[in-house]
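Enquirer: Given next are the chains, with one letter for each unit.
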Amino acid sequence: MITFDAVTKRYPDGTVAVDALSLEARTGEITVLVGPSGCGKTTSLRMINRMIDPSEGRILLDGTPVQSVDPPVLRRGIGYVIQQAGLFPHRKVVDNIATVPYLLGWDRKRARGRAMELLERVGLDPGLAERYPFQLSGGQQQRVGVARALAADPPVLLMDEPFSAVDPVVRTSLQDELIRLQAELNKTIVFVTHDIDEAIKLGDQVAVLRVGGTLAQLADPKTLLAEPADDFVREFLGRDRGIRRLQFISTDRLRLRTDLTVAEGGEGHGDEPWLLAVGSDGRPVGWLARGRPGEPEPAGTYRHGRDSMRAALDAALLSPSGHAVAVDEHGKVVGVATRQALDEALTEAADG
Amino acid sequence: MGDGPPSLWEWIARNWDTGRAGSIKDLLGDHLLMSLVPVVAGLALALPLGLACIRWRLLYQPTSALFNVLYALPSLPLFMMLISATGLSPVTVIIPLTFYAMAVLIPAVVDGIGAVPDHVRQSAVAMGFTPLRRLVRVELPIAAPVVIAGLRVVAVSSISLVSVGALIGQGGLGMLFTRAYQNPFLPPVVVGIGLIVLLALVADGLLVLAQRLLTPWERARRAT
Chain A
1 MITFDAVTKR
11 YPDGTVAVDA
21 LSLEARTGEI
31 TVLVGPSGCG
41 KTTSLRMINR
51 MIDPSEGRIL
61 LDGTPVQSVD
71 PPVLRRGIGY
81 VIQQAGLFPH
91 RKVVDNIATV
101 PYLLGWDRKR
111 ARGRAMELLE
121 RVGLDPGLAE
131 RYPFQLSGGQ
141 QQRVGVARAL
151 AADPPVLLMD
161 EPFSAVDPVV
171 RTSLQDELIR
181 LQAELNKTIV
191 FVTHDIDEAI
201 KLGDQVAVLR
211 VGGTLAQLAD
221 PKTLLAEPAD
231 DFVREFLGRD
241 RGIRRLQFIS
251 TDRLRLRTDL
261 TVAEGGEGHG
271 DEPWLLAVGS
281 DGRPVGWLAR
291 GRPGEPEPAG
301 TYRHGRDSMR
311 AALDAALLSP
321 SGHAVAVDEH
331 GKVVGVATRQ
341 ALDEALTEAA
351 DG
Chain B
1 MGDGPPSLWE
11 WIARNWDTGR
21 AGSIKDLLGD
31 HLLMSLVPVV
41 AGLALALPLG
51 LACIRWRLLY
61 QPTSALFNVL
71 YALPSLPLFM
81 MLISATGLSP
91 VTVIIPLTFY
101 AMAVLIPAVV
111 DGIGAVPDHV
121 RQSAVAMGFT
131 PLRRLVRVEL
141 PIAAPVVIAG
151 LRVVAVSSIS
161 LVSVGALIGQ
171 GGLGMLFTRA
181 YQNPFLPPVV
191 VGIGLIVLLA
201 LVADGLLVLA
211 QRLLTPWERA
221 RRAT
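So the protein sequences, as listed, match chains A and B. Read in order, the letters of the first sequence are residues 1 to 352 in the numbering used here. Read in order, the letters of the second sequence are residues 1 to 224 in the numbering used here.
So that you can see chain A by itself, here it is in the shape it has in the complex:
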């Protein structure tokens, strides 16, 4: 656990970057520090590994004040990932990952073995080990950065806007990867971002900071969206708070109909205005309008029980029929969530 105990950082020119910040980053959880620029989130992060020392207050790492530990020793026990990855341009990927093990005096073979293991763990081809960082894409470099931070298996990971410099598609996959890794590793992670969506997606708890370095609200993402503490937090969360809350509501209990499907090329029946054509492999082909022959129209899908209500609603809005197609892990149709079913689930969610 990382404890901020009334921590203040004041610079000689009088600017206050962090003002009497008190919060706890719980063991095995992701705590996100989020806020506009100038809110002191990066300063706060860097005070944990003593890249910056606080003017007042204490930071405790599992009860031990970090100020009592020699900075290089402290830092070797804390993983750190930064925005541009910060890889060493003159070292091969494998040696970049093995940096901290080398610093800790591991022999070369063991350090490189560990690096190769991590390369695969973060989803990279082991063939990249002998390349130099500039030969990798931005997303690959960032994965190497994460692998490097994990190399000595530190219990704590500090991440400073690690995914801000890559394009949105890569960012999403890196975020998903972090969630997957964290489920395996259970690190205590402090993650800094200016992107509230990223904070809500990744955080077990989210600390919203305001300019001047004060804590506006500390809460789990669901509570944050439902009950913003004040106007600043409400404004920072943005307009579509209601819609975004849906991402915390499971589609488990969404009622599905299985009588709205028809085999591809088969004849429609009954008097439903739309029927879903399903291919021989069980995957959705598209919606067929009754009495209007023609190409099937594209169907919006969501993974039933795994995706949130937000994804289900999105799928419904993308379908001409207004229904969302529920699929399993392999993309096979398990049923159709009609507008009525979605409406019931939304009403229930609003009440709960």
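It is worth saying that the hints were derived from the structure and are not from the lab. Among the clues, some could well be false.
[Claimed, not checked] Selected chain B positions facing chain A (Cβ under 10 Å, derived; list incomplete): (1) G114; (2) P117; (3) V120; (4) R121; (5) S123; (6) R133; (7) R212; (8) P216; (9) R221.
Glycine residues also receive a C-beta, built at the ideal position from the N, C-alpha and C atoms.
Once you've looked at the hints, dock chain B against the given chain A.
Expert: This is chain B only, laid out in the frame that chain A set:
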């Protein structure tokens, strides 16, 4: 004797190793010493000075101004000035050439280390490098191509400038030129120029080789 001046090859064979001071072999050794000591000493002094200039930014302007002025001074008067202190010895040539080397190498060190991206330096700090280890393992290797480029300029110009020392009797292979001037005779001039150019090419080649071995990532970068 008596049948006219000796040919170039005869002259070389006769003067290569006479066992007396002033043989070609002797002059070559002097030349090497007087040109390479300044390069090594210049690097050894430019490194700490350059690092100090990075650490204390205010030092850089006055330091580089001072060395630029020294660089602008012609070598001959500098040699003359130093004679009173160091006499007619190789040191009189080595000292000014060391200053010239520093004038080139201090900016090379400052620029080379200054070119280390900030996020690279930050991440080295964050991973627990001590300042010395960060310098040796991260900053200097990344600065190496710029510093070696400076060394190549310094090595070649140093090898060429030593010959000016001949005017105070300490010129290495340059002595061959003054001799030829006193007694018009071509072979010593040809040998002097040839060996100086050869020395410069060898020194430059060795530095290029050193750069290839020390900075394999740069080669990978050029290949893409």
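Enquirer: Each hint: holds or not?
Expert: Against the structure, the hints:
1. G114: 15 Å, violated
2. P117: 8 Å, holds
3. V120: Because about 6 Å separates V120 (chain B) from the closest Cβ in chain A, which is inside the 10 Å limit, the hint holds.
4. R121: 8 Å, holds
5. S123: Nearest chain A Cβ about 3 Å off; hint holds.
6. R133: 8 Å, holds
7. R212: 14 Å, violated
8. P216: 8 Å, holds
9. R221: 6 Å, holds
The structure is inconsistent with the numbered hints 1 and 7, although it conforms to all the rest.
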